Amino acid sequence: MQLRESSYSPSRYRALAVVAVLLQIALAPQISIAGGTVNFMLALAIVLSLTFEPHSAVFIGFFSGLFFDLTSSAPVGLMSLLLTVTSFGVSSAAHGALGGFTRESVRFAVIAIMAVNLLYGLCLFLMGVQTDLIWALFGHGIASTVLDALVAVLFLMASGSGSSQRGFSARTRPGRSTRYKVLK
Amino acid sequence: MIVFCVLSVLLLTFYIREGEAGPIHAVRSGVVTATSPVRYVGSVVASPFNALGNIFSNLTASQETLSDLKQQNAELTGQVAQLAEAKETAERLEGLLGLQSTYNLQSTAARIIGGSSDAWSQTVTIDKGSLDGFEIGMPVCNAYGVIGQITEVALSSSTVLLINDETSGVSAMVQSSRAQGMLRGQADGSLRLEYVSTDYDVQVGDIVITSGLGGVFPKGLPLGTVSSVERRDNDVYYDIVVRTSASTENNEEVLVITALSDDQRATDEDIAAANDIDSVQTSTGDGDSQESDQTGEDGSTDGQDSSDTTDESTEE
Chain A
11 MQLRESSYSP SRYRALAVVA VLLQIALAPQ ISIAGGTVNF MLALAIVLSL TFEPHSAVFI
71 GFFSGLFFDL TSSAPVGLMS LLLTVTSFGV SSAAHGALGG FTRESVRFAV IAIMAVNLLY
131 GLCLFLMGVQ TDLIWALFGH GIASTVLDAL VAVLFLMASG SGSSQRGFSA RTRPGRSTRY
191 KVLK
Chain B
1297 MIVFCVLSVL LLTFYIREGE AGPIHAVRSG VVTATSPVRY VGSVVASPFN ALGNIFSNLT
1357 ASQETLSDLK QQNAELTGQV AQLAEAKETA ERLEGLLGLQ STYNLQSTAA RIIGGSSDAW
1417 SQTVTIDKGS LDGFEIGMPV CNAYGVIGQI TEVALSSSTV LLINDETSGV SAMVQSSRAQ
1477 GMLRGQADGS LRLEYVSTDY DVQVGDIVIT SGLGGVFPKG LPLGTVSSVE RRDNDVYYDI
1537 VVRTSASTEN NEEVLVITAL SDDQRATDED IAAANDIDSV QTSTGDGDSQ ESDQTGEDGS
1597 TDGQDSSDTT DESTEE
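Residue numbers (the numbering used here), protein chains in the order written: chain A, 11 to 194; chain B, 1297 to 1612.
Don't take each hint at face value.
[To be verified] Facing chain A, a subset of chain B residues (Cβ under 10 angstroms, in silico):
1. 1321
2. 1372
3. 1448
4. 1457
The hints are simulated quantities; they were obtained by calculation from the structure and are not laboratory data.
Keep in mind it's a predicted model, so treat the numbers as computed, not measured.
Where is the CB? At the ideal position from N, CA and C, for every residue including glycine.
Construct all of the structure, not just a fragment, from the sequences and the given hints.
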């Protein structure tokens, strides 16, 4: 069940997913700043996990991670595993009630992105792909976290304003008075 | 969630255990092939912005780097006049011979269309693949020297693991002293020439070239120049940092070397010199690493590097 039915917009999320996929293929290999690269699929999975139920979030996380694995030179299966678990965790913690550009959503997204990047660096170190743990975690990991977080913020903004999506609202059409009367 | 987690672990396990021709690698090659047009468009779109990255790097350069650059600039200014004459000669020769004939390379030109999608590996993607006869293991160079080796091949694109990736290793030698060693990438993207005995004379500015051991890279291709040499007391080997002059900008042309001739392979003297280094290492109790680096597990001097243990390592 979608908790925020009033704000649920499948076409908007589909468009966001398509944009993320295209950016991951076309732009991610071109951007490298201070040892970090942008993982658009990570940002997409986290942002959508804030909105969707755990069942859907796991699905999104797995396929986002798998797409990243297949389009990069990283070991296939690692990012999909991390995003599956993280998307489930984020979705369960958010109860599908977050999303949109709010302080809580940004906080959730940044923490999740940092956790994934640090775990990813740690796993690569344990697998022998990386030989320097400090550099893997605090070099590539932190730099990538900053870039991913910026992308996640943009995705959150694109997915809609949080304040206008929350449950019900007492707003009325312009020019019409509110239905609620003050009790004296 | 459990199903997807198990599936991910299975994928990871099969990916690690299967060979380069395994089904997961094949699927990845298919995805890379299918996405190549989009990647190429991204490369074209992003190329004007590459200069921004250089500006960012320049802004964050330390004072030490700047002073070094000033000193280098002064030296280079003096050399400009000397080289001006040589330049004209070189241009004539280049026009006649070209890079391929200079090194007598059997090679195919390709173009870089993208970098690494993840921050933890140093790779580039080129716009040609198995349809053009490319195979895993083929060395890749540009006009300045070696940049890496093909590690994955799709139909119309290939992934090149750069020499500054920390899983890369290239059998190399110092051009002036012929001191042999192993050029390895580091986590921070720099290059270090390892296992060079302190018996040899190595100076800052010396040119480092491929030694040809292993039969993968042609002998004599430039890899970079020595930027620092340290020798600690009681150390058997130098601590040498190498600066590569080969850049990997987008849309840059590269040459994929498709075959080697006999004169591009290491000579018996080179192999004997490598064996001498091995014997020094063995006597100092540090020979295992170098032995596997330069003589291979079977004891033959084939320069086989860590590619025996990981499928993403470069050459020798």
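Which numbered hints does this structure break? 2
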